[in-house]
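S.K.: Below are the chains, spelled out letter by letter.
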Amino acid sequence: MKKVIISDATLRDGSHAISHQLTKAQITKYAQAADKAGLPIVEVGHGNGLGASSLQVGLSLLDDREMLETARASLTRSKLGIHIIPGFATINNDLKFAFDYGVDVVRVASHCTEADITERHISYTREQGREAYGVLMMSHMASREVLLDEGLKMQSYGAEALIIMDSAGAYLPTDVQDRISHLVANLNIPVGFHAHNNLGMGIANSITAVEAGAQIIDGASRGFGAGAGNAQLEVLVAVFEKLGFSTGIDLYKMLDAADIVEKEIMQSTPCVTSVSLVSGLSGVFSGFAKHVSLAAKEYGVDPRDIFFELGRRKVVGGQEDKIVEVALELREKTEARTK
Amino acid sequence: MSKIKVAILGSGNIGTDLLYKVLRSEYLECSLFIGRNLSSKGMSRAVSLGVPVSDQGIQAIQNRPDCCDIVFDCTSAMSHKIHAAILNDLNITAIDLTPAKLGPFCIPAINLDACKSDKNINMITCGGQASIPLAHVIGQTQKEVDYIEVVSTIASKSAGPATRLNLDEYIETTEKGVKMFSGCKRSKAILNLNPAEPCIDMQTTVYAQVRKPDMEALKKGVDEMVAKIQKYVPSYLLVVPPTYENNRIIMTVRVKGLGDFLPSYAGNLDIINCAAIAVAEEYAKSLLEKRG
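In the order they appear, the protein sequences are chains H and V. The numbering used here puts the first residue of the first sequence at 1, with every later residue one more than the last. The numbering used here puts the first residue of the second sequence at 340, with every later residue one more than the last.
Next comes chain V alone, as it looks inside the complex (with noise of 0.2 Å):
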C-alpha cells in the first residue's frame, strides 16, 4: 500500500520520537528529517534508521516543495510563524506541536474530523492533550460548569529548557483549550515538576464545581472517552474514577510514554506525539482514498 510522505522540521526529542512513531505507521512514511546540525543526536539516528536527513531547516522544503504532503513542525512558537505562512504558500499542511497558536486547537478524540481538513492544525499542550477530553465530557455531561481545573505533574528530567522558560504560555494555552472544548465559565492550569528518581509518569487531574453533578452520566462519558484516547495513547489510564467529593468533582489519569525516543516516564512528551500522528494518519486516510 502506498504511503503518504511526511517532513519532520526539528530534530530534538520530540521530531526524533516522532521519528519512530511515523516510521512504524501504516499510512506515513517520512521523506525528510530536518534540523540544523548533522552531527546532532537526532539526525545521527535518523540517518542510522535509514532516513533522508537534511540540515538547511524550512529551506529544504523549499527547495524541494513536492517531498511531503504534511510537516509536522517541532521547533519552536516564533520559527513557526515563520514557518507557518512558507508551509501555506506550499499548499502543505502543517501540524504545529510548537505552542504557537495559529491553527485551530486539535484533540484527536474530539475534533479530529473537522481537524483533518485544515492547513495548519495546532496540538496546543501535552497537559491539555490529557486533561482537554476530561474537561469536554464535563461539558458535555453536567449543567453550568462553573469552574475546571486542570493540575499535570511531570517528572523533572521530561521538561527541558524549552518547556521551562516556557511555563507561562503552557498555562495560559491549556487554559484556554480547557473553556474552548467544555464551555466552562472559569478555568485554571496548574503545572508542577517531581524530581524523583526513579522518574514519575505523568500524571493529571481534572477538577470541576458544577451547579448539579451527575455522576452516572460523567463515569459513562469518561470511561467511553478513556476508550477513544487509547486507541492513539495506549496507556492513557484512569486511575482516580470520576469521584465527588467536598463539593468537587476530581478525576486523575495517568499517562507513561511508549519509549520510542523518550523515556516511558516522558508520557507529557509522548501524548502531543501520539496524538500528532492520529492526526496525520487520518488526513493521510482522506488523500490515500482521495488518490484511489
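Just chain H, same shape as in the assembly (with noise of 0.2 Å):
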C-alpha cells in the first residue's frame, strides 16, 4: 500500500482564524488527541509561524515559548513542527530557543519567489540535528518552472522536502497536476502540497497531489485555518485509505481530534464565505481575511473591492500594511465620487 504523511497544521494555520488566540488549554487538549490518532507531524504557533507575532499581521495571545512548551508536553509520538519565515524571525531571536524546546521539524518559507532568503534557517537546522523542509508559499503566482528553480534552491541547502503551499486557495486540480507532477519528476527530495478551501478545492487539490506523485499532505481538523480554511485533515485521512494509500492515522480518533476543534477551539466552522471566495479569486492570501474585514468595517468599503485590488497590485503574505492603503484609497474614491 502506497503511503501518504500527513502534517497537521491545526494549530498553526488555524490561529489566523482566531486572530491568533490559541490558549494553553486549547493547545493541550488538540494535541493530546493528534498524538492519540497517531499525525507524523503536529505544527504549533501563530499563523504566520515563529517570531511572527506582530502589528502587522496579528499579535499572538501566548508567545512562542508557551506554544512550544505547551504541545511538547502533549506529543509523545507525533513531531512537533514549526514554520518560519526569514523576513520576521531570525536565528538568533527565535529559532534557536525553539530547538530548545524540542521542536523535530523546521519548515522555513518563503515567498515562491525567494528561496534564498532560506538558505541560513535550513542549513542551521540541519546543523542542529533537526529535519528541516523548505516551503513556497504562494506558490501559484510562479509557473512550474520558476517553482522548480526555488524548490532546487532548497534542495541544495540542506532542505528534506519541500512543500508548494496554495497560500490563497487559487489552484484548480490542472494546477496542481502540472506543478507538483514536474516537481516529484525533478526533485530528489519528497514534494508536499499544502491546500486551502476558497474555491472548494481543498480536497480534490490535494487528491490530485498526491496522484502526482506528492508523498506529504497537510491538513488542518475541521479545516481550521486561514481564508476559508484548510483541506480538512479528517477528510483527507479517510478518502486517501479509500484510494489506496495508508495514512497511519487511526480515523476514529482522529475523528475525535476534529470534534475537538469544532467544540473547543473554532469560533465558527470554516466555509467558502463570499470574502473568501473573492479572496481565492483575486489571488491574495487567505490570511488577509479577518484583517480585510476589519479594514472594510473601519473604512466603510466593500471587502471584495479591497480583495480585488489588493490581488492587481499582486501583494503577497506579509504586506497587509497595505490593506489600510488600499481601504483608505478606496475611501477616497468613494468619497470623491459622491461629491
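Under the rule of at most 30 Å between Cα atoms (straight-line distance), these lysine-lysine pairs were calculated in the BS3-like manner:
#, chain 1, residue 1, chain 2, residue 2
1, H, Lys-297, V, Lys-551
2, H, Lys-96, V, Lys-440
3, H, Lys-314, V, Lys-595
4, V, Lys-559, H, Lys-333
5, V, Lys-420, V, Lys-455
6, V, Lys-524, H, Lys-96
7, H, Lys-339, V, Lys-559
8, H, Lys-153, V, Lys-496
9, V, Lys-551, H, Lys-290
10, V, Lys-558, V, Lys-595
11, H, Lys-96, H, Lys-153
12, V, Lys-524, H, Lys-24
13, V, Lys-559, H, Lys-297
14, V, Lys-558, H, Lys-297
15, V, Lys-440, V, Lys-342
16, V, Lys-344, V, Lys-455
17, V, Lys-567, V, Lys-496
18, H, Lys-339, V, Lys-558
19, V, Lys-524, H, Lys-290
20, H, Lys-333, V, Lys-595
21, V, Lys-380, H, Lys-153
22, H, Lys-96, V, Lys-518
23, V, Lys-496, H, Lys-314
24, H, Lys-290, H, Lys-29
25, V, Lys-595, V, Lys-518
26, V, Lys-551, V, Lys-482
27, H, Lys-333, V, Lys-558
28, H, Lys-96, V, Lys-515
Okay, the calculated bits of chain H under chain V, using three or more residues with CB under 8 Å as the criterion:
#, segment
29, 86 to 93
30, 111 to 122
Only part of the chain H face toward chain V is listed, based on derived beta-carbon distances under 7 Å:
#, residue
31, Ser-54
32, Leu-55
33, Gln-56
34, Glu-298
35, Lys-314
36, Val-316
37, Gly-318
38, Asp-321
39, Glu-325
What the hints contain is simulated information worked out from the structure, not anything from laboratory work. We treat Cβ as the ideally placed atom computed from N, Cα and C, and that holds for glycine.
Put the complex together from the two separate chains, hints included.
M.R.: Below you can see the structure in the form of C-alpha cells.
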C-alpha cells in the first residue's frame, strides 16, 4: 500500500482563523488527541509562524515559547513542527530557543520566488540535527519552472522535503497536477502540498497532488485555517484510505480530535464565505481575510473591492499594511465620487 | 569653490550609485573609485565618467593616504572591520554602509551634528534610514512608548545576494536602531520581498503601541521630519499619515530612488546612499570652513 504523510497544520494555520488567540488548554487538548490518533507531524504557532506575532499580521495571545512548551508536553509519538519565515524570524531571536523547546521539524518558508532567503535557516536546522522542510508559499504566483528552480535551491541548502502552498486557495486540480508532477520528476526530495479551500478545491487538489506523486499532504482538522480554511484533515484521512493510500492514522481517534477543534477551539466552522471566495479568485493570501474584514468595517468600504485591488497589486503574504493603504484609497475614491 | 576629496571603496551597485551622487555634489569630489576588478561594470562606468580608479582595494588608500579625507565603505561587514582600523590610523573618516556596526549609528535627519565629528559613522540599514526617523518622532511626541514595529517591503530585484544572506543582521540591526532612537521598550523589524513586475517602490510602515496617543503632536512632528528627510531624499513620501486604528498607531512612507545607477524602484538602496552623502557633505562643509 502506498503511503502518504499527513502533516497537521491545525494549531498553526488555525491561528489565523481566531486572530492568533490559541490558549494553552486548547493546545494541550488538541495536541494530545492528535498524538493519540497518530498524526506524524503536529505544527503549532502563530499563523505566520515563529517570531511573527506583530502588529503587521496580528499579535499572539501566547508567546512562541509558551506554545511550544505546551505542545511539546502533549506529544509523545507525533513530531513537533514549526513554520518559520525569514524576514519575520531570525536564528538568534527565534530559532535557537525553538530547538531548546524540542522542535523536531522546521518548515522554512518564503514567498514562492524567494527561496534564497531560506538558506541560513535551513542549514542551521540541519546543523542542529533537526529535520528541515523547504516551503514555497503563494505558489500559484509562479510557473512550474520557477517553482522547480526555487525548489532546487532549497534542496541544495539541505531541505529534506519541498512543500508548495496554495496560500490563496487559487488552484484548480489541473494547476496542481502540472506543478506537482514537474517537481516530483525533477527533485530528489519528497514533494508535499498544502491546500486552501477558497474555491472549494481543498480535498480535490490534495488528491490530485498525491496522484501526481506528492508524498506529504498538509491538512487541518475541520479545515480550521486561514480564509476558507485548509483541506479538512479527517476527510483527507478517510479519502486517502478509500483510494488505497495508507496514512497510519486511526480514523476514529482522528474524528475525536476534529470534534475537539469544533467544540473547543473554533469560533465558526470554516466555509467558503463571499469574501474568502473573492480572496481565492484574486489570488490574495487567505491569511488576509480577518484584516480585510476589519479594515472594510473601519473605513466603510467593500471587502471584496479591497481583495481585488490587492490582487491587482500582486501583494504577497506579510504585506498586510497594504490593506489599510488600499482601504483608505478606496474610501477617498468613493468620497470623491459622491461629491 | 574647492571640494573635499572622497574615495569610494567597493565598486558594486551601492558604490557605483554613490559615485553618481558624489559627482553631483557641490562639496565633494571623487578622487578614487576602488574595486578589485578593472573590468567590472562599476569600474568601467567610473572610467567612462573620467574618475580615477584602482583595483587594489584598501591598499590603494594605504599607498596614497593623502588622496582623500573621507572614505565611503561599500564592501562587506567583514571587510569593513579590517578597513576601519587602517582608516583610523590614517586619520581618514569612514562612512560605513556595511552592517559592521563599529561606529555610532547615524540618521542625518536626527543626529547629523553629533555624527560629523566621529571618525567612523555607521549608516545602519536601508530600512532603518526610512523607518527610524518616524520611530524617533513617536518617541519624542508620545508618553510611554511600549512597542514600535517597522515593516519594509522592497522589490525582489533590489535585494542582491548579500542582502538575502544577511536578512537576520538587517532585522537585528534595524531593531537596535529603532530602540536607540525612539527609547521604546520593545521593537521588531520585518522585511518582505515582493517579486511583482513592474517592480514596486520601497515601502515602509511604522506601527506603535503607546499608553495615551497624542495624534496631533505626532502628525505635526511627522510632517516636520518628512520635510527634513526630503532635503536629502527628495522622493521620501508619506502615503498613509499617522492614523490611530485598532489600538495601534500606523503610518506608511514610500521611497522612490533617484535612479542614478540603480533603478528608481530601488528606493531602499537609494535612501542609504542619500543619507551617506548628507553626512559626507556636512563633514565636508565643516572641513572647508576650517581650511578657510
